[in-house]
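Given the coordinates of chain Y, assemble chains C, Z, S, F, R and X with the ligands onto it according to the supplied hints.
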Amino acid sequence: MNNLVVMPMLIPLCVAVILIFFRTYIKLQKIGVLFAMLLLIVTNIFLLVTVKEQGIQTLYFGGWEAPFGITFVADSFAMLLVLTASIVALCCFLYAFSTLTEDYAKNFAYPLMLFMIAGVNGSFLTGDLFNLFVCFEVMLLASYVLITLGGGKERLRESLKYVIINIFASWLFLVGLAMIYGTLGTLNMAHLAERVHQIHQGPVLTTVALIFLIVFALKAGLFLFYWLPGSYRVPETAIAALFGALLTKVGIYALFRTFTLIFTVQENITHTLIGILACATIILGSFGAIGYRDLRQIVGYNVVIGVGFVLLGLYANQTEALEGAIYYFMHDFIVKALLFLMIGTMIYITGRIRFDEIKGLIHHFPLFGWLFFLMMLSLAGIPPFSGFIGKMLLGIGLVDEGMYITLLLGFLSSIVVLYSLLRVFLKSIFGESMASHQMKKRIPFSMMLAMMLLMICTIGLGVGAEVAAPFVKDAAHVLTNPSVYIQAVLYPEGG
Amino acid sequence: MLFQLFLNMVIAVLWMLLKDEDRVNLTTFFTGYLIGILVMYLMHRFFGQPFYIKKVWSIIKLLFLFLKELIVSSAVVLKQICSPKMNITPGIFTYETALQSDLEITALALLLTLTPGSVVMEITEDGHTFYIHAMDIEQSKVDVLRSMSRFEQAIMEVTRT
Amino acid sequence: METLMVCLIGIFVAVATYLLLSKNLIRIILGTALLSHAVHLLILTIGEVKKGDVPLLKEKPGPYTDALPQALILTAIVISFAVTAFLLVLAYRVYATNKTDNVEKLRGDEYE
Amino acid sequence: MITLILKVALVFFALTIVISFYRVVKGPSMPDRIVALDTIGVNLLSMVAIVSIVFETKAYLEVILILGILSFIGTIAFSKFLERGVIIEHKSDR
Amino acid sequence: MITKWAILLPFFMAILIPIFHTRIRKFHLGWVALAVPFILFIALLRFLPQIASGDTISHSWRWIPSYNLTFTTYLDGLSMLFALLITGIGALVILYSIFYLSKKEALHKFYCYLLLFMTAMLGVVFSDHLIMLYFFWELTSIASFLLIAFWHHRKASRRGAQKSMLITVTGGIIMLMGFLILAHEMDSYSIRTIISTISIENLNRSLYLAMLFVLLGAFTKSAQFPFHIWLPDAMEAPTPVSAYLHSATMVKAGIYIVARFTPIFAYNLSWFWIVSIVGLITLFWGSFNAVKQNDLKALLAFSTVSQLGLIMSLLGMGSVVYATTGEITDVIYTQATFAALFHLVNHSTFKGALFMMVGILDHEVGTRDLRRLGGLITIMPITFSIALIGGFSMAGLPLFNGFLSKEMFFEATLAIQEMNVHSWIVLFPVIAWVASVFTFVYCFILVFKTFFGSADKLPTDRKIHEAPIGMLISPIILAVSIIFIFFFPNILGKFVIGSAMQSVYPTVQPFEQMTPTIAAWHGFNTALFMTIGVIVFGIILYLAWPKWKRLYNRLPEKWTLNYLYNQLLEEAEIVGKFVTDLYMTGSVRHYLMYIYVFFILIVGGYFIQSHIFAIDLEDQAPVEWFEILLMIVMAGAAIFLLFAKSRLTAVVSNGVLGLGVAMLFVVFRAPDLALTQLVVESVTTVLFLLSFAYLPEWSKEQKPKATKSMNLLISLAAGALVMAISFTVLNYSEFKTISGFFENAYELAGGANIVNTILGDFRAFDTMLEVVVLLIAGLGVYTLIKFRARKGQKKYED
Amino acid sequence: MNINQIGEWIAAVVILFASMMSLVSAFGLIRMPDVYTRSHAATKSSTLAVMLALVGAFLYFFAHEGEVSVRLLLGIVFVFLTAPVAGHLICRAAYRSGVPLAEQSGEDALKKFIPKQQEEKK
Amino acid sequence: MKINDVILKTVVQFVVFIILTIAIYLFFAGHYTPGGGFVAGLVLASAAILLYITYDTEKVKNGLPIDFKIVAAIGVALAITTGIVPTLFGKPFLNMSSMSVHFPLIGEKEIATVMLFELGVALTVVGVVMTIILSISEGRDD
Ligand code: NA
Ligand code: NA
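Chains as they are written, first to last, in the numbering used here: chain Y, 1 to 495; chain C, 1 to 161; chain Z, 1 to 112; chain S, 1 to 94; chain F, 1 to 798; chain R, 1 to 122; chain X, 1 to 142.
Keep in mind the hints are simulated off the structure, nothing from the lab.
Incorrect hints may have been included.
Stated by the list, open to error - Pairwise CB distance ranges, derived in the manner of DEER restraints:
(1) Y:His-477 with F:Trp-424: 31 to 41 Å
(2) C:Phe-64 with R:Lys-112: 30 to 40 Å
(3) Y:Asp-356 with F:Leu-8: 38 to 48 Å
(4) Y:Gln-54 with Z:Thr-100: 28 to 38 Å
(5) F:Glu-734 with Y:Gly-402: 27 to 37 Å
(6) C:Phe-64 with R:Glu-65: 24 to 34 Å
Just so you know, even glycine gets a beta-carbon here, dropped at the ideal spot from N, CA and C.
This is chain Y alone, in the form it adopts within the complex:
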C-alpha cells in the first residue's frame, strides 16, 4: 500500500478544484498550475524510482484489497507514461500561458486541462476495468469541454462529432464491461487476468476481447480514427497539443495493458487483427498526411500514423518490440505535442492555416525555424532523436518475428512523415522571406520556452536513452510476464 500512487491523479484533481474558486485570479491560476505540474513531475520521478527499486506499487483505495475494492497499480510502464505525460503537459501549460487569453483562463481552461491530465493519469494507473471507464470519462468530459471552449462555428461543429462518437465508444465500453463481468465475474484487471489464465480457452472471451479492441481502438485512433483529425483541428493550440499528446495515448495504453495482461487467449486472432489495423492506420494516415495543405490536417494525420506505428509493437508482442513501442510511445507524447505547438505557432504568427500561404519564416524567426527542422527529424525517427531508439527496437522485434512486410510499412511511414513536414519546412520555414504586415513580430518567451523544453526532452530521451533503459526494460518485463502484475496486485505479501 502506497498512498503516493494516487498522487499523479490527485494532484491535478485537487489543484483543478481549487482553481475553480479562483477563476478570476489569473496570475494565481498560473502559479497554481505551475506548482501542480512541478509537484507532479517530482512525485512521478520519485514513484518511478520507487517502482524500479521496490517493484510494482499498489494502492487499495479505502484499504479494500483487490479484487474487491479499486486498486491503483504503478508499474514502470504506467509510471513512464505518467511521467512523460506530466512533462509534456507542463510544456503545454507554459505555451498556454501566453496564448490563451484572459477569457479562457476565466472560463476554467486551466482547471479543465488539469482535469484532463488527472483523467489521463488515472487511466494509466488504474488496475480496475470499471474504474478505467470512469477515468476515461473524466478525461473525455474534460476534453469535450476543452474542445468546445470558446465556441465558434467550426469548433462547435467538430466537437459535436467528437462527442457523439465518443459517447458511442463509451457505450461500447460499458457493453464490454457487462460482458466481461458476465463471463469472468470480476473487474480487477489482475483478477481478470488470473481467471483468464485459469480457463485458458474460450471464443467467448475472444468475442469480449474484440469488443474491447474496438472500444480502445476508437479511443486510440487505431483504424477508427475518423473523429481525430477534425477534433484536433479546432481547439486552441495549447489545448490541441495537449489532446495530441495525451488523448489517443490512453487508448493505446489500454490496448497494451489489456491485450498483454487479460486478452491473451487467442493472440493469433486478436493480435493479428491489431497488426492489420495498425498497418491500415499507417496507410490511411499516410494518405491524409500528404493529401492536405492545411497545416492542422497534416498534424492530425501525423498523429494517426504514430498510433499505427506504436501498435505494431503490440502486434509483434515480443520483448524488444514492446520495449521499442514504449520508447516510441514516450517519444510520441513529446514530439506530437511539439508538433502541435509548432504548427500552432506558425498559425499564430501568420494567421494562415495552409502552408503554401506561408513562406520564409526562418528569416524572422531563426530559432523557431531550426527548432522546426529538428522537430521534423525527430518526428521522422532520425537518430539521435528520441524516435529512433523506439523505431529501432520495434524493428528488431518485428524482424525477430519475421514480420518483414509490416516492418517495411512501418519504416516507410517515417518517410511519409518526413515528407509531409519537409514540404512544410521547405515552403514555409525556408524560402524567401514573407513581407506581411499581418505577421506577428515576435514569439512570446513562454511559447518559445515550451517548445525548447520539449525539444530538449526529445533530444534527451534520444541521447540519454540509457537512463530510461532500465525502466523501459522493467516495463516491458511486466508486459511480457503478466504473472508479475498479477502477483503484485493480488498477492502483495508474496503468498
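Then chains C, Z, S, F, R and X with the ligands, alone, in the frame of chain Y:
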C-alpha cells in the same frame, strides 16, 4: 412568522417519524428541528401570509369534504365511462368567488377540480373569476353552484376565524 | 425473464442505432439516451437477475441479488446524465452557430 | 391467495399503463400525451406500492415518494412548455 | 583514438562556428574550418604505414549499452582510403571555398553544415557498429540537404534539397531494415564480427532480403540508376559543395557500403549480378545523358553518375570470387575491385578539379551554359589547363590517371567472361565500351565547347579574366596529382589501396597478391584496342555531335525518371486527398456507420465463425404477467421514438421509457437504481424541454431508400449481435462473481445498504471521480453557453 | 384468521378495487372525446385509484408489521395535493396551446379572452 | 388574458417543503435503506427546479443568492478531502472511518466520514444540476 414556526415543528415531527425509532427520542426531535431550521432558512423568503394553527378541526372537516367530493366525482366519471353511450356536453363556464387570499383561492380551486366533472382552467388576475371546464356542463353548473357555497364556508372557517 | 430482457435490450439497441444514424440532432441525442438505457439493463441482466433479495442487509436475511452491477449502473447512469446534459447544450449551441440541426449539413466545408 | 390478488391488481395496473401508452402514441394533441404520461407515472406508483407488498420489503417506499414528486414536476414542466414554449422564465410577467 | 577525434573534431567545430562566428570578422571563416580537415589529413597520414602493413585501429565508446549501442570505430585499409579522401579533398574544397564564397554569404552556416557533413562521412567510414553506421549515414543526408538548400530562397534549391533528402533518407531507412535483419541473422551488430562469422552456410532468405535492403541504401546514396535523379538537382548547392559531397565523398558512401559488405553478402551470386548490372546500366545511362546537357554542372553531375556506375560495376565484378568458389583460387577477379578502388581515387581527383574549374567559370564568367561559353582559352589559360587535364583524365586518355583505371576496367569486363556464369555476360564489355565512347564525347564537349570556338555569347556585364590565385590552388593541386598518379600509381597501390583490398577480401592470404603493379603500358591487349576504338569513335561522334544531338529530343519528356518522380509526388498528394476525402466525409452519420459496420463485421464475424452461440432457456428468473406488459410498453415506446412526428412526443415517449426502466429496476430488486433512474430521467426531461426553447421542431427525415435500408440493416444487425452475445454470455458461467464479499458490508463498513456501501466505501473512488465528471459537465454547460471567444480570437476560417 | 390477516385481506381487496378503478378510468382515457374530458378521467378516478392503492399498502404494512409507514402517508398527501394541480395545468396548457374542445361541447366562456391558435398543434 | 398561477404557486410552497424534507431524509437514510448523497442531491435539485418552473430565475435568485458552480466545486473538494484526510494518518486514500463525538444537547453520535463524502456528492449534484439548468434558461442571447 407563526406559520414558519409551525412548519418547523412539522418538519421536526416528520423527521422523528421518518427515523422510525422504537421510542420517542428527544434528540431525534432536536435533530429534526435543526434540519427544519435549515429548511426554513433556505425557504424563508418565499413566504406570503401568516398561518393560524388553531383550526385543526376545521381542517379535518375540510379534508373530509374534500374526500367526499373526490369519491363522488370519481363515481360520476366512472359511471360516465362505463355507460355504453356517452351522452355528455362538455364546455367551459365561469364562476365568481368571494374568497380573497391565495390560499383560499387555491383550496377552492383544488376542491373544484376534484368535484364531479369539473376542472378549473383559468383564474383571472384578480383571482375572483374561475373558468371551469365541465364534463357535462348542464349537470355540472347545477352541482357546482350548489356545492360552492359549502366549500367557501368550509375554507373560510379554516382561514378566517 | 433473462430471455425477454435480452430481447428488449436488442430492440433498444436496434432502435437507438437507427436513431443515431439519422440526421436530426435531437433524434441522435434520444438515440444516445436509449443506448444508455439498453446497456444499464444489460449490465443488470447479465449480473444475476432476480436471484435474491433486495440488497439491504438489515431488512432481509438474504441471499441478496448481486449488488456490484447495481453500483456500476448507478455510476454509469450519473455519467450518462452528465454527458447527455452536455450534449444537449452542445446541440443547441451548434444549432445557434451553424443554423442547422441537420448533421448532414454539418460536414464542414474544408472537406469539399 | 393474497399474493394472487395482488398480482391480478398488478396486471390491471399494467393494463392501465398499456392503455395509457396507447394514448401517448395516438395523441392526437400534445396535452393528451402528457395526461397519459402523468397517468402512467401515477399508476407505476401504485404498482411499486403493490410490488413492495409482494416482495415484502419497504425498500421501495422511497421510490413511491420520488415517483409522485417527479411525475408532478414532469407534468408541470410539460404544461408550461406547451403553454409558453419555455419552462423557466428569466423574469415572469407577474 | 584517432578515429574518435576524427569524428568529434569537425563536430565540435561545426557547433563552435555558428556560436562564435560574430567574433571572427577580420578574416574569412573558411580559414578556421580549413584547419580541421588539414589537421586530420596529416594525422591520418601518420597512421598510413601502420595500416598499410595490415594493422587496424579500433576504439569504442558506449552510448546505450542496454541495447548494445556502442560507438565502435574501426580504422582499416578501406576506411583509411576513404578517410584520406574525405579529409584531403575536404581541405582542398574548403581552401577553394574561401575564395569562392564572399564574406557576405552566411558562412557560419555553410561551414557548420560542411563540417557536420565531414563528421558524418568520417563516422560512416569509421563505424563498425551497424546502427552507428546508419546514424552517420542519415547525418550525411541531412548535411547534404542543408547544403543543397543553402540558397533556400531559390525554388530550385529547395526542390533539389527535397529530392535528395527523400531519396537518400528512404534508402537509408531501407538500409537500416537490412542492417536489422542482418544483425538478427548474424546475432551481432559489429561488421567485423559478422565478417568473421559469416560463411556460405548462412545464406537464407532473410539474409537475401538484408542484402537487397542494404544495396538499395547504397544505390540511392551513390546515385545508381534509377535513383540517380537526385544528383543533377543537387547541383543547386554552391559549387564547392558539389565538388565535395556530390562527386568526391558522399556519393561514394554507397561505394563504401558495397565494398564493406562484399565479404558479407557476396557469397550470394545475386550480389554480383545486382551490383555489376546496376553499375553498368548507371554507367551507360549517366554517360548517355551527360552528352546532352547544356549546363556544365549538370554535365558533370551526369558524368559523376556514370563514373559511380563504373566503380559500382567493378565492385560487383570483383565480388564474384565469393560466390563462385567461396575461396579465392584465382586472384585475377579481385583486380576488378582493385580497379574500383583505384578509380575511386582517380575520380575524386579529376572530378574535383573539374567541378572547381566550373566553379571558376561560374564565378568569373557568370554562366555555366555551354551554349554561351566559348573561346576562353586565351583569357583563362590556367583554368583551361585544369579543364584539359581533368577532362582527358575522365575520358581515359594516356598521361592521366583516368587512363590507368579505365584500362583496368576494360580488362575486368573481359576477364569476367571467363566466369561462364551466364552467356549474357558478354554484354559487360560492350556496355563498358559504348559508355566509354559517350564519356569521351562529353569530356571533349566539356573541354572544347568551353574554351574553344567563339566568345560572342559570353556575358558582357563584367570583364572576364583569369581567376585569383587562391581559387586556383586547389584545382592545380588536383591536376598535378592526376598526372602524378599516372606516373607513380604504385605508391597509391602499395600504401593505400593494398590494405583497402584486404578489407574487402579479409580471407585472402597473402594479400600482397591482390595488389598488382600498375603499369601504363602493358602491351597490345584487347583492353588497349578497346581504348583506341573509344578514341576513334569518340572523335567521330564529337565532330558529328551537331548532327545527332537532335536524337535526344525524340525522347518524350514523359518517359524520364524525373517526370516520374514529380508525378509521383503530385499524384501522392492528389491520391492522398482523394482517398482521405472518400471516407473522411465530415458526416457523423458516416463515421458512426463505419464503426457499426466494423463492430458487426469483426465481432459478429468472429462470433458466427466460432460457433459459440448458446442460449439457455432453463434456469431463468420467473416472469410475471405485468412484467411482460411493461416490457411490451417499453418496446413500444422505443419503437415509437422512430415514428414520433414531433420532438415533444418523442420526449414523452422517452419519459415512458425512463419510467419503464425504473420499474424494471424495481422488479430487479434495485431500489437505489430505481430512485436514481427516476430522478435522472425527470431532470433529463426538464433539460430536454429547456433546450427545446432554442432548437427547432424536427422535420421529417428525408432520406433516400437506400440510406434507409442501410440504416435499418445496421440497426437490426447491431441489435441482433448484442442480443446474441448477451445470450451466450448469460449461458457462460465459469466463475462466481466477487460480490459475495460485499454481503459483509455491515461488518466491514457499517452500511446495511450494500449498493450504497459499495458506492460510498468499497468503490468510493469511482464515486469521487463520478462527481468530478459531473462537475466538469456542469462547467462545460456553463462555458458553452456563457463563453464565446471574441471575434478577433476566433479560428481562422476562410 | 387473526386480526392481522383480516387487515391484510382488506388491504388486498382495496388494492384490487383500486386497480379495477384505474383500469376503468384508463378506458375513459380512450373513450372521452377530447383532452379536457380525458383529464377528468385522469385527475379524478385515477387519482383516487392511486390513493386507494397506497391506502391499501399502508393498511397492509400496518396489519403485517404493525408499523405506521410515514412514507406512504406522505405519498398519499402528496398525490392528493398535486393531482388536481396537474390536471388544472394540463387543461390550461391545452387550451392556451390551441387544442380545440370536442365538437359536442356547449358554451366556451374562455373563447373571448384567449384567442385560439388557428389549428391544433401537431 | 394574463396567466394567474396562484394555484400552482400556493401548492408548490407546500410541496417544496415536503420534497426538501424527503431529500434530507434520503441523504441520511442512504446507509441503511435506499437513498444516499446522490439521490438526495438530485431530489434537492428537483425541488429547486420546481421553484424555478413555478416562479422565475430572478425571483429564485433573490431567494437563493448562491453561485452553484462554487457549490459544486465545494462538493467535489469535500469528497476529495474526505479521501485525503486518512492518508495523513497513514491510512489508505479514501479510507472511511467513523467515530463517536459528543454533541451538546444531542449526546453521543456516530460521525462517519462516509457522511462527509456523501455530503460532498450531494452538494456537487445540486450545484451541477442547478448550474446546468440556470445556464440553459439564462442563455438566450442569440
Ligand atoms: Na563516364
Ligand atoms: Na454468466
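Here is what the structure says about each hint:
1. The given range of 31 to 41 Å is broken by His-477 of chain Y and Trp-424 of chain F, whose C-beta atoms sit roughly 55 Å from each other.
2. Between Phe-64 of chain C and Lys-112 of chain R the CB atoms are about 38 Å apart, so this pair conforms to the stated range of 30 to 40 Å.
3. About 41 Å separates the C-beta atoms of Asp-356 of chain Y and Leu-8 of chain F, a value consistent with the hinted range of 38 to 48 Å.
4. For the pair Gln-54 of chain Y and Thr-100 of chain Z, the supplied restraint of 28 to 38 Å is violated, since their beta-carbon distance comes to about 58 Å.
5. A hinted range of 27 to 37 Å holds for the C-beta pair Glu-734 of chain F and Gly-402 of chain Y, which are about 35 Å apart.
6. Here the CB-CB span from Phe-64 of chain C to Glu-65 of chain R is close to 28 Å, well matched to the stated 24 to 34 Å.
Of the numbered hints listed earlier, those contradicted by the structure are 1 and 4.
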